[in-house]
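Residue numbers (the numbering used here), protein chains in the order written: chain A, 1 to 151; chain B, 1 to 173; chain C, 1 to 644.
Please keep in mind that the hints were generated in silico from the structure rather than gathered at the bench. Note that the coordinates shown come from a computational prediction; the quantities given were computed from them, not determined experimentally. Careful: at least some of the hints might be erroneous.
In silico contact screen, one side only, chain B against chain A (beta carbon under 10 Å); selected entries [unchecked claim]: (1) R27; (2) S31; (3) P32; (4) G124; (5) R125; (6) D129; (7) Y130; (8) G131; (9) T133; (10) G134.
Using 30 Å as the maximum straight-line C-alpha spacing, the simulated DSS-like pairs for lysine-lysine come out as follows [as the list claims (entries may be wrong)]: (11) K91/B to K161/B; (12) K77/A to K447/C; (13) K150/B to K382/C.
Don't be surprised by glycine CBs; every beta carbon is placed ideally from N, CA and C.
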Amino acid sequence: MKRLFMIGVTLLATQVLAGEAQPVGEDPQIEQRLNGLAEDLRCLVCQNESLAGSHADLAEDLRREIRDQMKQGKDDKQVVEYLVARYGDFVLYKPPFKPLTLVLWLGPLVFLLVGGITWWTVLKRRRAQPEGMANTQARAEAARILEGKSE
Amino acid sequence: MNKRLIPLIVFLVLAVFFAIGLTKNPREVPSPFIDKPAPAFRLPEVGNPGKTFGPEEMRGQVWMLNVWAPWCVSCRQEHGVLMQLQAQGVKLVGLNWKDKEREAAALLARLGSPYLSTVDDLDGRVGIDYGVTGTPETFVIDKGGIIRFKQTGPISEEVWKEKLEPMLKELAR
Amino acid sequence: MIPEIGHFALILALLLALVQSVLPLIGAQTGNARFLAVARPAAQAQFLFVVLAYACLVTAFLQNDFSVRNVALNSFSQLPAVYRFTASWGSHEGSMLLWALILAFWTMAVSVLSRRLPEDMVARVIGIMGLISVGFIAFLLFTSNPFDRLLPAPPDGRDLNPLLQDPGMVLHPPMLYMGYVGFSVTFAFAIAALLSGKLDAAWARWSRPWTTVAWTFLTMGIALGSWWAYIELGWGGWWFWDPTENASFMPWLAGTALIHSLAVTEKRGVFKSWTVLLAITAFSLSLLGTFLVRSGVLSSVHAFATDPARGAFILGFLALVIGGSLLLYALRAPTMLGSARFAAYSRESLLLANNVVLVSALGSVLLGTLYPLFLDALGMGKISVGAPYFNAVFVPLMVPVLFLMAVGPLTRWKGASLPDIVVRLRLAFAVAVVAAVAVPLAAGEFKPWVALGVGLAVWIVYGVALGFTDRLKHGSNLLALPRGFWGMQLAHLSMAFGIVGIALVSGYESQRNVKMAVGDTAQLAGYTFTFKGTEAYEGPNFHAARGHLVVKSASGSEFTLRPEKRLYNAGGMPMTEAGINYGVLRDIYVAMGEEIEPQVWTISLFYKPFIDWLWFAAALMALGGALAASDRRYRIALKDKATA
Chain A
1 MKRLFMIGVT
11 LLATQVLAGE
21 AQPVGEDPQI
31 EQRLNGLAED
41 LRCLVCQNES
51 LAGSHADLAE
61 DLRREIRDQM
71 KQGKDDKQVV
81 EYLVARYGDF
91 VLYKPPFKPL
101 TLVLWLGPLV
111 FLLVGGITWW
121 TVLKRRRAQP
131 EGMANTQARA
141 EAARILEGKS
151 E
Chain B
1 MNKRLIPLIV
11 FLVLAVFFAI
21 GLTKNPREVP
31 SPFIDKPAPA
41 FRLPEVGNPG
51 KTFGPEEMRG
61 QVWMLNVWAP
71 WCVSCRQEHG
81 VLMQLQAQGV
91 KLVGLNWKDK
101 EREAAALLAR
111 LGSPYLSTVD
121 DLDGRVGIDY
131 GVTGTPETFV
141 IDKGGIIRFK
151 QTGPISEEVW
161 KEKLEPMLKE
171 LAR
Chain C
1 MIPEIGHFAL
11 ILALLLALVQ
21 SVLPLIGAQT
31 GNARFLAVAR
41 PAAQAQFLFV
51 VLAYACLVTA
61 FLQNDFSVRN
71 VALNSFSQLP
81 AVYRFTASWG
91 SHEGSMLLWA
101 LILAFWTMAV
111 SVLSRRLPED
121 MVARVIGIMG
131 LISVGFIAFL
141 LFTSNPFDRL
151 LPAPPDGRDL
161 NPLLQDPGMV
171 LHPPMLYMGY
181 VGFSVTFAFA
191 IAALLSGKLD
201 AAWARWSRPW
211 TTVAWTFLTM
221 GIALGSWWAY
231 IELGWGGWWF
241 WDPTENASFM
251 PWLAGTALIH
261 SLAVTEKRGV
271 FKSWTVLLAI
281 TAFSLSLLGT
291 FLVRSGVLSS
301 VHAFATDPAR
311 GAFILGFLAL
321 VIGGSLLLYA
331 LRAPTMLGSA
341 RFAAYSRESL
351 LLANNVVLVS
361 ALGSVLLGTL
371 YPLFLDALGM
381 GKISVGAPYF
391 NAVFVPLMVP
401 VLFLMAVGPL
411 TRWKGASLPD
421 IVVRLRLAFA
431 VAVVAAVAVP
441 LAAGEFKPWV
451 ALGVGLAVWI
461 VYGVALGFTD
471 RLKHGSNLLA
481 LPRGFWGMQL
491 AHLSMAFGIV
501 GIALVSGYES
511 QRNVKMAVGD
521 TAQLAGYTFT
531 FKGTEAYEGP
541 NFHAARGHLV
551 VKSASGSEFT
561 LRPEKRLYNA
571 GGMPMTEAGI
581 NYGVLRDIYV
591 AMGEEIEPQV
601 WTISLFYKPF
611 IDWLWFAAAL
621 MALGGALAAS
631 DRRYRIALKD
641 KATA
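Based on the sequences and whatever the hints tell you, model everything.
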């Protein structure tokens with residue numbers, strides 16, 4: 001009977017002790033911001049992984065740094081500046097828009113523009129072109145012979 | 001020009017870039033600290049925690065900050081070279097990076113220390129401030145406390161002879 | 001002994017490939033019938049010897065012959081047999097041999113399935129594929145011999161990268177290579193056309209099924225890779241715009257444009273030079289992918305052990321093949337102009353617009369992938385171009401393509417009435433807009449890009465439905481409709497499913513990283529997760545901690561997840577195996593992090609709504625491709641020949 005009682009108490013105690021899982025960081029808002037930001041930052045010691053997904057030591061350290069910075073009240077832009085000051089633009093997965101990356105960011109638009117012009121040109125050509133060059137030449141030749149004109 | 005040559009020309013341009021790319025290492029990250037002041041810090045010394053050290057103590061001298069760790073295999077490779085440099089009078093300060101097992105003091109005692117001072121960066125914060133991504137990395141710092149060069153990877157005899165020795169001579173003038 | 005046989009077989013294969021390419025190509029140029037006749041038997045013999053070579057490599061792996069360097073570096077005695085088999089293509093050398101094998105296979109297929117083609121065309125196609133084989137086998141023999149010995153032989157191997165020890169590894173590389181290499185067939189057809197100066201609708205009809213099959217395999221290969229990343233990498237991602245992923249996506253984009261261009265060339269005899277250029281481009285991008293992944297020029301999770309010397313060889317090969325074909329194109333393409341006309345609003349003009357956008361998207365992916373290399377080569381520093389760039393650039397470009405997807409198939413060839421189509425699709429537009437607004441709101445929060453995706457998906461579905469009703473109006477029944485039609489509709493429909501999946505998962509997925517002790521519970525998206533602890537267990541070549549989580553949904557249903565943290569014996573590499581509960585409407589995904597205290601773990605919980613719609617879409621797309629490639633009109637001529 002006593003043993004049953006002891007088991008019962010222990011079971012009760014473990015139920016009371018087991019509780020809500022604690023988030024890895026204390027503040028869910030900050031964790032949310034951290035994950036969002038870290039997905040667009042590069043893990044510097046990995047072969048192309050984001051800071052959010054990497055298990056590398058330095059990635060853990062940098063996530064800790066970012067968390068601390070956010071707790072100190074820094075906004076996303078300031079955190080990014082902090083990292084870029086130390087690791088350069090390489091740490092950003094979204095290339096900053098500056099003269100160096102002008103071609104990169106404007107390239108797709110240029111491709112589309114050139115493509116659009118090509119489309120337009122082909123369309124015009126295909127509409128204006130008579131059915132078969134041979135026919136046109138033959139007709140012109142025949143016209144010349146009939147009217148006795150020389151070219 | 002025959003506009004159908006455009007695809008060929010585009011390809012040839014790409015091929016030239018690829019050929020150049022074969023000589024480069026995409027994983028080598030250049031340091032944004034070149035020609036910028038060495039970030040300040042104050043860390044306890046390895047084996048002597050009561051005493052601290054900071055880079056401002058080296059003002060007026062040309063020196064190198066060598067980031068290493070006891071668990072780093074490449075650092076052992078360069079250790080011999082560093083000892084030779086010390087013998088030649090080169091001023092080295094060691095940054096013991098993330099030494100969780102606390103092995104640095106014993107290691108230096110066993111192998112000999114090339115450093116004027118070795119500081120303990122246990123959590124890696126100072127490393128982050130310097131943009132360190134791995135070991136060994138070495139920063140060349142001039143008399144005014146400005147970082148002039150970052151060597152990623154071990155310092156070999158060639159690296160010393162061809163890059164660092166001339167640079168240190170130049171900065172000492 | 002066996003590795004030496006394999007090596008010797010490879011040398012013979014090289015000689016056969018030389019014969020297979022030189023004689024038929026000369027024969028086609030000079031009209032020498034005997035030389036032409038060499039093509040088929042040479043191709044078939046080459047195939048047999050490459051099979052023999054590959055079989056020798058596989059045997060070495062299965063027998064744990066660690067005196068072969070490739071086996072020692074990529075296998076392990078405790079590795080399960082199936083992975084010892086797949087390890088044969090897990091390295092640079094092995095995967096190159098797989099490339100050569102699959103190339104030989106496609107060539108053999110062409111030699112067998114082309115009885116009704118003119119002999120000089122067949123000879124040229126097989127000859128060109130032979131030249132490519134020569135390049136690859138020479139590369140193997142001179143720089144990347146998979147049969148190199150390692151003496152003295154180590155007692156055991158270094159193990160296959162644990163990331164590759166997964167069912168996805170069994171299918172993903174072979175499927176991918178079937179796709180990449182399959183584009184060499186259309187490439188060879190295009191070069192043959194340029195060499196002979198003849199490119200007509202018949203040429204397009206011959207090329208189409210080969211292209212469609214290759215494209216189908218590539219679709220499956222990419223989808224498998226994406227699914228594998230989802231399962232193996234432990235953070236629930238399925239596309240990272242990694243350079244290697246892009247290297248597979250670019251040929252796919254080119255291949256898609258090619259399929260559409262071929263349709264116009266077959267039907268109307270126009271866009272010939274575009275089609276030829278796209279055929280060259282698709283295969284060139286396959287070759288480029290091979291270069292990027294093995295040369296060390298770009299940094300990727302996926303890159304093989306890099307070697308600039310090998311990179312130089314591949315680059316030289318690329319210069320020859322791509323440079324040569326583009327030069328031939330510049331010289332010969334102008335002689336092949338088609339003469340048909342079409343109106344500004346017609347299926348031709350819509351398909352051209354579609355291809356213009358697809359090629360712009362392709363160009364953008366190429367630009368983003370190579371830009372870091374460009375800057376570095378010019379000494380202008382190092383930057384990273386990642387997902388944020390590609391998403392920002394690629395997604396908007398896809399919008400016109402998806403819009404046209406409903407309009408194109410309903411538009412007549414040569415010329416159609418724009419007002420008519422507007423009237424037809426008015427209701428579709430309205431329904432799409434309603435869905436675009438309603439679905440995001442129902443999901444909880446209006447997000448513009450999600451709305452756009454849902455709207456486009458509904459738009460496409462409507463278009464597909466209209467396509468069917470049009471055809472059925474004339475009295476036929478569903479099953480009597482041509483496979484080509486079914487293939488097109490299913491492939492387009494699959495895009496709708498895919499877009500919905502992508503839009504909803506990107507818009508509404510959620511994640512929590514928590515610390516859990518035994519008995520702790522956590523909440524996510526209406527689900528309650530209870531951590532029941534871990535148990536240790538031994539796998540064939542690893543030991544693992546298997547977590548036990550009980551998950552309860554808001555509606556009361558319950559299931560168990562068993563994510564694992566594994567430590568592989570040979571390399572000491574830790575790996576996570578996610579615990580995934582699949583569902584039509586959502587995946588629940590759990591990954592173990594670290595054991596920070598005894599029986600206290602950091603665990604990542606993910607809610608992924610509609611993500612399985614992606615893989616379903618890919619399967620549907622592949623089905624569409626298979627149906628289209630097996631259309632009667634490609635098979636009927638075969639039957640004619642047989643009965644003639």
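Against the structure, the hints come out as follows:
1. R27: holds, 7 Å
2. S31: holds, 7 Å
3. P32: For P32/B, the interface hint holds, since the closest Cβ of chain A sits about 4 Å away, which is under 10 Å.
4. G124: With Cβ-Cβ at 5 Å, under 10 Å, it holds.
5. R125: holds, 8 Å
6. D129: holds, 7 Å
7. Y130: holds, 7 Å
8. G131: G131/B check passes; min Cβ-Cβ to chain A is 4 Å, inside 10 Å.
9. T133: Since the shortest Cβ distance to chain A is 4 Å, the answer is holds.
10. G134: Holds, because the Cβ-Cβ distance from G134/B to chain A comes to roughly 6 Å (cut-off 10 Å).
11. K91/B to K161/B: holds, 16 Å
12. K77/A to K447/C: holds, 23 Å
13. K150/B to K382/C: The given pair, whose Cα atoms are some 15 Å apart, holds under the 30 Å limit.
In the structure shown, no violation is registered for any of the earlier numbered hints.
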